[in-house]
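Number of protein chains: 2
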Amino acid sequence: MMYEQFTQFTKMFHNLSLILDKAQKYADAKKIEPETLGTLRLTADMLPLVKQVQIACDAAKLGAARLTGKDAPVNDDKEKTIPELKARLETTMGFLSSFKEADFNGWEERKITQPRWEGKWMTGKEYFHQHVVPNVYFHVTTTYAILRQNGVEIGKKDYLGDMPFKH
Amino acid sequence: MMYEQFTQFTKMFHNLSLILDKAQKYADAKKIEPETLGTLRLTADMLPLVKQVQIACDAAKLGAARLTGKDAPVNDDKEKTIPELKARLETTMGFLSSFKEADFNGWEERKITQPRWEGKWMTGKEYFHQHVVPNVYFHVTTTYAILRQNGVEIGKKDYLGDMPFKH
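Residue numbers (the numbering used here), protein chains in the order written: chain A, 7 to 173; chain B, 7 to 173.
The following block holds chain A by itself, in its conformation from the complex:
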């Protein structure tokens, strides 16, 4: 079931990539410079759109790596344009899809730490629910909010993506 949550992250990144397509069309129509959208923020002391996308990707990437004990690829965080951000999402989705369900065996009890925590740790179960999931959604939603507030025509359906309805 936590494996399915990573499948869901991949779906959210796919949705976000389609949202970025709409943002690019908007920028083209308004003759907005290629790097401008990436600099937009909700407010001065929040991170710009480029960082929101990068951190959303990293939250999922590092989550999968730490919960399986594998190494995560290093990103140089040089993205500035919408096509570059779409490529970042694409490589992140590729990394997430490289995991098999069995790779997560024992994730709940795994001891998780990172340099920023200065020796402190939490269990994989705590880390996944209380850190990975809220962080991924925070940064995907904030990216959406920045674009919508700036006039890109997107709605909740773009965020949620296709629903697997049956008749």
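Don't read these hints as lab results, they were simulated from the structure.
Here the structure is a predicted model, which means the values were calculated and not measured.
Keep in mind that the hints are not guaranteed to be accurate.
One copy or two, it doesn't matter: identical chains are merged, so the pair holds either way.
Claimed, not checked - Simulated pairs of lysine to aspartate or glutamate, EDC-like, Cα-Cα distance not exceeding 16 Å: (1) K163 to D51; (2) K172 to E124; (3) K28 to D164; (4) K172 to E132; (5) K126 to D168; (6) K162 to D51; (7) K172 to E115; (8) K17 to E132; (9) K131 to E10; (10) K84 to E115; (11) K17 to D168; (12) K31 to D164; (13) K84 to E159; (14) K36 to E90; (15) K36 to E159; (16) K67 to D82.
For chain A, the structure is supplied; the task is to place chain B on it using the hints.
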């Protein structure tokens, strides 16, 4: 494990309630009218703060009810002030805490529908991952974004809440 996700929703609502306390203090200090914060929006065609909190609560409330086959309490959606929104969060947390792990037995295969879907349905597993979780986080994050953009002094730590660090 999906039971734990509802525990996590309760944590997020608790965090949001503390964020609303900071918003109330901010309103008091700036002599902002009691109902003003609830009317704020990120942009004209997005819902105001009051609705963001109500929908976050409903996404979790209806998720738990539909996945267990129980009835959800009906809310009249009359909240306007911060204390009223905090009370809404409180009753939602109370409802979520009324479930036991066994109540969710069979949730993955349960057939989920709602009037708005006009006869269409999805499985409980699909509904939970692709609808409930992204909706709860969308509306919690948007509430946070509205307040932060309007000058309330909050940060990512207020959103994530206390981390269960061990030494």
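Cross-check of the supplied hints:
no., hint, result
1, K163 to D51, "between (29 Å within a copy, 14 Å between copies)"
2, K172 to E124, "between (49 Å within a copy, 11 Å between copies)"
3, K28 to D164, "within (10 Å within a copy, 32 Å between copies)"
4, K172 to E132, "between (34 Å within a copy, 11 Å between copies)"
5, K126 to D168, "between (40 Å within a copy, 13 Å between copies)"
6, K162 to D51, "between (26 Å within a copy, 11 Å between copies)"
7, K172 to E115, "between (37 Å within a copy, 13 Å between copies)"
8, K17 to E132, "between (23 Å within a copy, 12 Å between copies)"
9, K131 to E10, "both (15 Å within a copy, 9 Å between copies)"
10, K84 to E115, "neither (35 Å within a copy, 44 Å between copies)"
11, K17 to D168, "within (9 Å within a copy, 28 Å between copies)"
12, K31 to D164, "within (15 Å within a copy, 35 Å between copies)"
13, K84 to E159, "neither (27 Å within a copy, 30 Å between copies)"
14, K36 to E90, "neither (20 Å within a copy, 42 Å between copies)"
15, K36 to E159, "within (13 Å within a copy, 34 Å between copies)"
16, K67 to D82, "within (14 Å within a copy, 41 Å between copies)"
Comparing the model with each numbered hint stated earlier shows that hints 10, 13, 14 do not hold.
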